[in-house]
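Colleague: Here's the letter readout for the chains.
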Amino acid sequence: MQLTGAQALIKSLEAQGVEVMFGLPGGAILPVYDPIIDSSIRHILVRHEQGAGHAAEGYAQVTGRPGVAMVTSGPGATNIVTALCNAYMDSTPLVVITGQVATKAIGTDAFQECDTTGITMSTTKHNWLVSKAEDIPRVISEAFYVATTGRPGPVLVDLPKDVSSSMMEWYWPEKVDLPGYRPATEGDPALIREAARLVSEASRPVIYAGGGVLKARATAELAELVEMTGIPVTTTLMARGCFPDDHPRCLGMPGMHGTYAAVTAIQRSDLLIAIGSRFDDRVTGKVSAFAPNAKVIHIDIDPAELGKVRRAEAPIAGDCKVVLSQLISALGEILPRASEPREPEAPSSRLGPWHSEIDEWRARYPLTYDREPPDGALKPQYVVECIRSTVPDDTILVAGVGQHQMWASQYWRFNKPYTWVNSGGLGTMGFAVPAAIGAKVAKPEAMVWAIDGDGCFQMTAQELITAASEGIPVKIAILNNAYLGMVRQWQEMFYAERYSEVYLSPDLPDYVLWAEAMGCTGFRVETSEEVPSVIEKANQIDDRPVVIDFRTDVFEKVYPMVPAGASNDDIIVDPAHGEGGA
Amino acid sequence: MMTTNAHTAARHHLLSVLVENKAGVLSRVTNLFSRRGFNIFSLAVAPTNDERFSRITICVDVESAPLEQVIKQLDKLVNIVEIDELDPADAIEAELMLVTLMADPESRSQVIQLVDVFDGRIVDVSPTSLTVMLAGMPPDLDHFEELVAPYGIAGLQRTGREALRKLGRSQDRLQVITGTTATS
Numbered sequence: 009m010q011l012t013g014a015q016a017l018i019k020s021l022e023a024q025g026v027e028v029m030f031g032l033p034g035g036a037i038l039p040v041y042d043p044i045i046d047s048s049i050r051h052i053l054v055r056h057e058q059g060a061g062h063a064a065e066g067y068a069q070v071t072g073r074p075g076v077a078m079v080t081s082g083p084g085a086t087n088i089v090t091a092l093c094n095a096y097m098d099s100t101p102l103v104v105i106t107g108q109v110a111t112k113a114i115g116t117d118a119f120q121e122c123d124t125t126g127i128t129m130s131t132t133k134h135n136w137l138v139s140k141a142e143d144i145p146r147v148i149s150e151a152f153y154v155a156t157t158g159r160p161g162p163v164l165v166d167l168p169k170d171v172s173s174s175m176m177e178w179y180w181p182e183k184v185d186l187p188g189y190r191p192a193t194e195g196d197p198a199l200i201r202e203a204a205r206l207v208s209e210a211s212r213p214v215i216y217a218g219g220g221v222l223k224a225r226a227t228a229e230l231a232e233l234v235e236m237t238g239i240p241v242t243t244t245l246m247a248r249g250c251f252p253d254d255h256p257r258c259l260g261m262p263g264m265h266g267t268y269a270a271v272t273a274i275q276r277s278d279l280l281i282a283i284g285s286r287f288d289d290r291v292t293g294k295v296s297a298f299a300p301n302a303k304v305i306h307i308d309i310d311p312a313e314l315g316k317v318r319r320a321e322a323p324i325a326g327d328c329k330v331v332l333s334q335l336i337s338a339l340g341e342i343l344p345r346a347s348e349p350r351e352p353e354a355p356s357s358r359l360g361p362w363h364s365e366i367d368e369w370r371a372r373y374p375l376t377y378d379r380e381p382p383d384g385a386l387k388p389q390y391v392v393e394c395i396r397s398t399v400p401d402d403t404i405l406v407a408g409v410g411q412h413q414m415w416a417s418q419y420w421r422f423n424k425p426y427t428w429v430n431s432g433g434l435g436t437m438g439f440a441v442p443a444a445i446g447a448k449v450a451k452p453e454a455m456v457w458a459i460d461g462d463g464c465f466q467m468t469a470q471e472l473i474t475a476a477s478e479g480i481p482v483k484i485a486i487l488n489n490a491y492l493g494m495v496r497q498w499q500e501m502f503y504a505e506r507y508s509e510v511y512l513s514p515d516l517p518d519y520v521l522w523a524e525a526m527g528c529t530g531f532r533v534e535t536s537e538e539v540p541s542v543i544e545k546a547n548q549i550d551d552r553p554v555v556i557d558f559r560t561d562v563f564e565k566v567y568p569m570v571p572a573g574a575s576n577d578d579i580i581v582d583p584a585h586g587e588g589g590a
Numbered sequence: 008m009m010t011t012n013a014h015t016a017a018r019h020h021l022l023s024v025l026v027e028n029k030a031g032v033l034s035r036v037t038n039l040f041s042r043r044g045f046n047i048f049s050l051a052v053a054p055t056n057d058e059r060f061s062r063i064t065i066c067v068d069v070e071s072a073p074l075e076q077v078i079k080q081l082d083k084l085v086n087i088v089e090i091d092e093l094d095p096a097d098a099i100e101a102e103l104m105l106v107t108l109m110a111d112p113e114s115r116s117q118v119i120q121l122v123d124v125f126d127g128r129i130v131d132v133s134p135t136s137l138t139v140m141l142a143g144m145p146p147d148l149d150h151f152e153e154l155v156a157p158y159g160i161a162g163l164q165r166t167g168r169e170a171l172r173k174l175g176r177s178q179d180r181l182q183v184i185t186g187t188t189a190t191s
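Residue numbers (the working numbering), protein chains in the order written: chain P, 9 to 590; chain L, 8 to 191.
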């Protein structure tokens, strides 16, 4: 069967099971947009290529399947670089197709030419410049394989216009032949035994679960390990929901804005079990002072993460799901054979003093804010709690980046995996609106709320036009404090309240009018009393996107906080708790 | 100018890296070093006898980053097939130098004597200078360079180190590296 390169590309995407892609056409990708008309794949036309990338990320984060985006050459490609970099940092599988000028024009500074594979070399797991139409099925099958196996990540396929226009004989490759690509799966049995021994001997162990638990779909294994051992769990920003917040062993988020109990339990631990987490600086603070007395078991599918920041006593390269199963088996063998006979719940009771200590921290320093402020200001945390109280556990929450993201992570009770979508490693403002669209497209049956900041919303709000025109009813709660709030917080705390270029204005733009101009329903909420009823109204609207402009307290800050570069022992709790931390 | 002494030798490790012979591979390697803040001391690259693969010999400055981290990050590049860390004791090393030396009629015979001592070849001559090709162990090239420098060096190009594992030496360290990543 003779096909054009463009037809072969679409047929290859169909062969990979792609149902949806996000994109925006242009000159160099024009040939590929023609066969889309005849394809079963739903194409969602975004208003800016960055939106296509983030929407594909939202899709991938809630499904685990690769998100697909397609854009043209030059500015189309450069506009999606932010999303590629974001996906690379957060290990999100993406397949991005970019048009490129014709092969003979490459290197001549042709119209809308840029060195896409060069630019994206360090923001993708791998990329390909296709030089012949007959390579297309092979490259697409390799691209999906690389994006989804091992440590997942974004890949890019650059397709010159003459290649997509020329003819090829259709085939589909039986297997992928990449001699240099060998993802790890099983953990080294000797190291697993060593890890089990460390677990059986620890008296102050903590699990430091990262996004890799979700990527490996290992939440059931994590739950089993906790049931078996009683070890408390912290879930990083990328791992929120991988273990239920309502579980008594869940301590919440560690790190710069983590809970006091999570941060302190890690600091005082004698064994840190890092699973699919990477000792990010926002978690560790000052590395030399991080969990100073802990031995470390580090499980990660990427061998380069082992020892990158913190040396581990048991560094285990492998898929978290497989390695956790191995560890559970190994523990099953040694726990009953330990010196004193124990009941099944015995490991938990052995950790009794540790649990009591943690419970004291939890009771003394819970997450808190002023629920009845004297000035009657609308507290952003209250908005998050109020939305959460009205929606089911499978509601997907999306956030941008900044204070609102931290409040969303802290105050939303995550009880199901894959219900939290955010930009972790790169910290990309403007992520929320397009990512929410991608999440809703992936899970139309679930309610999708985004908590966004006013600064973030202004970066990518135009994608609500996409949502309105495509019938994607996402709900956006803007925590509008009229500032680039996180920067304002740092200027208040670390720059002597010298506020430089952070004021935005509460009513320029008018978010309600803007929402309605984009085909959404807009609400404004200025007092705490109005919050529940407006959220209820928003929950009832299912035929268009909703935007709520919550006028929140300008002065509210995110606590607890470990200042950048400080030791986690120097955690600052909410002033309502009194002076300093412990 | 490159000089090798005990200090720099300890800082430098050799990686013999087999890569797929595809467009952009060298760029991926150098991009990775730049992106991660690793330093390259020298780099030699050419196709192997199997046209599907090229071999890159990288002399890494291990003061810029732990060698293990350099190797693990390199191993993540999809086009890199195999990485062999060569301990100098287990490696055959060689390097080629082309150097143009100032050599007027008065100094020429002394320069030619030095070239002979080092088994070099004179490949080009002018009334005031000559160009020498010299192959050998990198420290020998360093030594030659020091000895001829007083005569005046008009131009110099070295290939960077090339290396292969000595016959009969095991690949212990390589197995440690791939053992963490390979699946059967």
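Since the hints were derived computationally from the structure, they do not count as laboratory data.
Heads up, the beta-carbon is just placed ideally off N, CA and C, and yes, glycines get one too.
Heads up, some of the hints might be wrong.
No more than 27 Å apart at the CA atoms, straight line, and that leaves these computed lysine-lysine pairs for BS3-like [unchecked claim]: (1) P:Lys19 / P:Lys140; (2) P:Lys316 / P:Lys424; (3) P:Lys303 / P:Lys316; (4) P:Lys424 / P:Lys451; (5) P:Lys112 / P:Lys140; (6) P:Lys112 / L:Lys29; (7) L:Lys29 / P:Lys294; (8) P:Lys19 / L:Lys29; (9) P:Lys565 / P:Lys316; (10) P:Lys112 / P:Lys19; (11) P:Lys140 / L:Lys29; (12) P:Lys183 / L:Lys173; (13) P:Lys451 / P:Lys19; (14) P:Lys140 / P:Lys183; (15) P:Lys316 / P:Lys294; (16) P:Lys316 / L:Lys173; (17) L:Lys83 / L:Lys29; (18) P:Lys294 / P:Lys565.
Away from chain P, derived, C-beta distances all over 10 Å, residues of chain L [to be verified]: (19) Arg18; (20) Ala30; (21) Gly31; (22) Asn46; (23) Pro73; (24) Glu75; (25) Ile119; (26) Phe125; (27) Pro134; (28) Tyr158.
Colleague: Tell me the numbers of any earlier hints that the structure contravenes, in ascending order.
Modeller: Hint check: 2, 7, 9, 12, 16, 20, 21, 23, 24 fail, others pass.
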